[in-house]
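Please arrange chain X on chain V, whose structure you already have, making use of the hints.
Taken in order, these protein sequences are the chains called V and X.
With this note's numbering, letter number 75 in the first sequence gets 75, and the count goes up by one each step, no holes.
With this note's numbering, letter number 57 in the second sequence gets 57, and the count goes up by one each step, no holes.
Among the hints, a few may not be true.
[Stated by the list, open to error] Derived BS3-like pairs: lysine-lysine, alpha-carbon spacing no greater than 27 Å straight-line:
hint, chain 1, residue 1, chain 2, residue 2
1, V, Lys68, X, Lys13
2, V, Lys71, V, Lys105
3, X, Lys101, V, Lys42
4, V, Lys42, X, Lys13
5, V, Lys71, V, Lys56
6, V, Lys105, V, Lys68
7, X, Lys101, X, Lys30
8, V, Lys105, X, Lys52
9, V, Lys105, V, Lys42
10, X, Lys52, X, Lys101
11, V, Lys42, V, Lys102
12, X, Lys101, V, Lys56
13, V, Lys102, V, Lys71
14, V, Lys71, X, Lys101
15, V, Lys68, V, Lys102
16, V, Lys56, V, Lys105
17, X, Lys13, X, Lys30
18, V, Lys56, V, Lys102
19, X, Lys101, V, Lys102
20, V, Lys68, V, Lys56
21, V, Lys42, X, Lys30
[To be verified] Not close to chain V: a few residues of chain X, all C-beta gaps over 10 Å, as computed:
hint, residue
22, Leu11
23, Ser27
24, Ser33
25, Pro61
26, Arg63
27, Asn77
28, Leu82
29, Ser86
30, Leu95
31, Leu102
32, Val112
It is worth saying that the hints were derived from the structure and are not from the lab.
Where is the CB? At the ideal position from N, CA and C, for every residue including glycine.
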Amino acid sequence: GESVGLHLPTLSVQEGDNSIINCAYSNSASDYFIWYKQESGKGPQFIIDIRSNMDKRQGQRVTVLLNKTVKHLSLQIAATQPGDSAVYFCAGPGSEKLVFGKGTKLTVNP
Amino acid sequence: DAGVTQSPTHLIKTRGQQVTLRCSPISGHKSVSWYQQVLGQGPQFIFQYYEKEERGRGNFPDRFSARQFPNYSSELNVNALLLGDSALYLCASSLTGRNEKLFFGSGTQLSVL
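Chain V with its partners taken away, still in its complex shape (with noise of 0.2 Å):
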């Protein structure tokens, strides 16, 4: 079956740099991925997506890179801080569903 896994469960870093999450899945016929944040008490926040026919796509302070060969993707906030500390989840496409990996939780030091 489909599976999306992010690398690590937790990432800490300093306030002003840049984060990188990582992200891996398993089909490679998947065609969507959708990165959401998730503060404590609260459900997922949409933060980006992006179609397979594209390599990166960009946000505000964020950017999503896709490698297809390899099937991975990360997101990359850049400047990170404090309000960024969250749980990330990166989400791809199963049969009519969204399939989530178990999340990196961000902790932004001062």
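Just chain X, lined up with the frame of chain V:
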């Protein structure tokens, strides 16, 4: 604009009881999906409804059921509650029936004692 709203926010039940969770999608969104999230894990798919019809069902027992109303709001019902049903139940809405750009509510935290 209002996002996805869920009620109640918190709920405590005992084993064997039944529970109904409610969700109102973003205005104009016709698809509602339900996910279960246990602590430390990513959300797991339960149901998707689009235009009031069930589009998909995850690997959950028949104790779980759902429906979508003409105004596109939705209810998730769980019968014969077990301790293992304790979780955050998330509702997500999207414009189309495709599983893309799902927008989530804040969830209902269910505790089964």
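Exercise. Would you check whether the claim that Arg63/X is not at the interface survives, using Cβ distances to chain V and the 10 Å cut-off?
Key: holds, 19 Å
Quiz item: Taking only the CA atoms, is the gap from Lys56/V to Lys102/V under or equal to 27 Å?
Solution: holds, 23 Å
Quiz item: Does Lys71/V pair with Lys56/V here, judged by a C-alpha cut-off of 27 Å?
Solution: With a Cα-Cα distance of about 14 Å, the restraint between Lys71/V and Lys56/V holds, given a limit of 27 Å.
Quiz item: Do the alpha carbons of Lys71/V and Lys101/X lie within 27 Å of each other, as the hint requires?
Solution: Holds: Lys71/V and Lys101/X sit about 21 Å apart, inside 27 Å.
Quiz item: Between Lys68/V and Lys13/X, does the CA-CA distance stay at or below 27 Å?
Solution: violated, 46 Å
Quiz item: Hey, does Pro61/X actually stay past 10 Å from chain V on C-beta?
Solution: holds, 17 Å
Quiz item: Does Lys30/X lie within 27 Å of Lys42/V when you go C-alpha to C-alpha?
Solution: holds, 23 Å
Quiz prompt | Straight-line alpha-carbon gap Lys105/V to Lys52/X, limit 27 Å | solution = It is violated: about 36 Å lies between the C-alpha atoms, which goes past 27 Å.
Quiz item: Taken at face value, is the distance from the CA of Lys42/V to the CA of Lys101/X at most 27 Å?
Solution: holds, 17 Å
Quiz prompt | Closest CB of chain V to the CB of Ser27/X still more than 10 Å away | solution = Correct as stated: the minimum Cβ-Cβ distance to chain V is 17 Å, above 10 Å.
Quiz item: Under the criterion that the straight-line Cα-Cα distance not exceed 27 Å, is the pair Lys42/V, Lys13/X satisfied?
Solution: Distance ~21 Å between Lys42/V and Lys13/X Cα, so the pair holds.
Quiz prompt | Non-interface label on Leu82/X, tested against every C-beta of chain V at 10 Å | solution = It holds; Leu82/X is separated from chain V by about 23 Å at its closest Cβ, greater than 10 Å.
In the structure shown, a violation is registered for the earlier hints numbered 1, 8, 17, 24, 31, in ascending order.
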